[in-house]
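From first to last, the protein sequence lines are chains G and V. Going by this note's numbering, 89 is the number at position 25 of the first sequence; the sequence numbering is gapless. Going by this note's numbering, 107 is the number at position 105 of the second sequence; the sequence numbering is gapless.
Derived by calculation from the structure, the hints in this document are not laboratory data. Treat the hints with care, as some may be off.
Unchecked claim - Interface residues of chain V toward chain G, partial, derived using beta-carbon atoms under 10 angstroms:
#, residue
1, Gly-23
2, Gly-261
3, Ser-266
Nothing here was measured: the structure is a model prediction, and the numbers come from that model. Glycine is no exception: its CB is placed at the ideal position from the N, C-alpha and C atoms.
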Amino acid sequence: MRTRPPFPLSRRQVLRGLLATSAFGLTVKLGACADSSAGGGGGSADNLVMGFVYVGPRDDYGYNQAHAEGHDHASTLEGVTTVEEANVPETTAVQESIRSMIDLDGASVIFATSFGYFDPHVLALAEEYPDVQFFHCGGLYQEGVHPENVGSYFGYIDEAQYIAGIVAAHASNSKRLGFIAAKPIPQVLRNINSFTLGARSIDPSVTTQVIFTGDWSLPVREAEAANSMADQGVDVLTCHVDSPKVVVETAERRGIFSSGYHANQVDLAPTGYLTGAEWNWAGVYEQYVQMIQEGKTLMNGGIPHLVRGGLQEEFLKLSPYGSAVSEEAKKAADAAKAQIVSGELVIYDGEIKDNQGTVVIENGKKLEQTALELEQMDWLVEGVSGSVG
Amino acid sequence: MSADLGWWGVPLAILAGTLRGSAPFLFVSLGECLTEKSGKINLGLEGSLLMGAMSAYAISYLTGSPWTGVIVAGIAGMALGGIHGWLAQQPRVNDVAVGIAMIIFGSGLAFFLGKPFIQPVAPQLPSIAFGSWSSSPQLESALRVSPLFILGVLIAPLMQWFFRSTRWGLLVRAVGDSPDAARAMGISIFKVRLLSIMVGSALAGVGGAFLSLYYPGSWTERISSGQGLMAVALVIFARWNPMQCLYASLLFGGAQAIGPALQSVGVDAYYYLFNASPYILTLLIMIITCSPKRTLTGVPGALGQTQE
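Take the sequences, apply the hints, and build the full model.
In structure tokens, the structure reads:
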């Protein structure tokens, strides 16, 4: 046996080290606080520092890429400096990232782009930094409950899915569409239902097969699901997962059509890509920059706490039509898009039955996009095979 | 094209899933089998798998040759294995702890170096069409087999023969079962273990190449979704026997397809349960095959012991 002390440092050395690091940490922290209160809190619009946090890689052909494209656009605007961090998990790690954006980079505006950041992380930080404005993507802001420097923004992307459904119905020969979804939560169900309603507005015999994979990013299971559906004769695939890359590529390999989501995936499937429901965060972030540079803030009431928008507000866009889309399909899709923008067409226009045959929206009742019922959707529309249970 | 297969789709999907999805499990579990036979555990194969996937995709994209990518994936895995093999054999170092560090290091390195390769589309490995006789496009697509998978299937009996009938195989087993006896024979334990770990890790790297260059066939950071770790566990399930590693990998690959296939024919209840079927099957087989009368057969005697 060798005799060695179990721990090579003496107690004194450990104490000295601990004291030194905490002293260093404190000075850095206090020094940076002084900076940020001078730069950010003053409300000067000369140089606006905005921080962006993404949950995954910034070029995933999906949700995070859509936000990163918005960030890239925002960073080109005059008087704006941006900092960003990708791959930040929905844990206290996000608090650390945001804290260093505020303390070290002097950010006065934070865009937290993943759903799970909201509660408790963004809410906790908002109380800690009352001068910083936090904008969260997808969270439901509650007046009086949540701090007033928190705002929420999101888009009604199911409007774009409705148009994609119209295009899909035109392209399909087998009249069977496939939808690969992560989890049966309201946002996902709403996309499935809108896609199906769009397709069935063209041909009521079209059905949509849903496969839930169980999580947001499971490439192997997504590929398995895409292959199973291709085997079953489905000939247009779309999805609601974090990165549609695998689904679109598998569809292309199997020689069937695909419709994208989140961002433009046409490079992955040059022959079979029809169109896709994309976010247009560039426009949204530009609107925010404009408002903030005009001196408006969440705290003084200049910026609304809840910002929602669809095709009309240009929160969304459709991927340019692929080569497989017929003229007829383009015409029908463009017409529906114009009607949605003008407000003539309401997607959830009764009577609508779910796939069990129960009437969920009565005849004559129109649910506009802002309707709260739609945010709590727990049913699949008639024509969808699948269940939420 | 639009012929509806109905319920026949389920066995077909399981068959196709076995042929498509089991190769990563197979390569990693064979690599781990070799490693553990020499008496060390390498949990870091998950890192090698990701590193292999990334480097194969990157090299395939840069050179245009997927087979070069496969070779580089093997080399990358070997390099990671070299680090593990050296570190884990230092005195009083625990190989499980080093393995966990290697998971984090390997995956972190793969994510860091792989950033620029998420967007581009790399040339994929070719496949052999065993189903070209069939008139059904579904069957034809199910029977597309990657040569890499066939290679893996061939390695399993080869490794079995290596352990049983060759001098080198005996050396590996001796080092793993009784290092003292091996030392008395004049064998360098360090070298045997280092080589076993490096070759094992290279196999895992090749498994990664299968993920990114054949199925699902793209490089994303979530590509492995824990398959490397599962394959390490498979080795225990397979009782350190290469042929059983093959069967266990086929079982896992096929079981992966059950959940999506059942949903595609309209069985939409309990899909979380069906998605968990690989694990349920494992548990069932463990329960059926275990016996209170004997200890785990085949476990290398010196597995996981740290050197003083």
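Right, here's what the structure says about each hint:
no.	hint	verdict
1	Gly-23	holds, 6 angstroms
2	Gly-261	holds, 7 angstroms
3	Ser-266	holds, 4 angstroms
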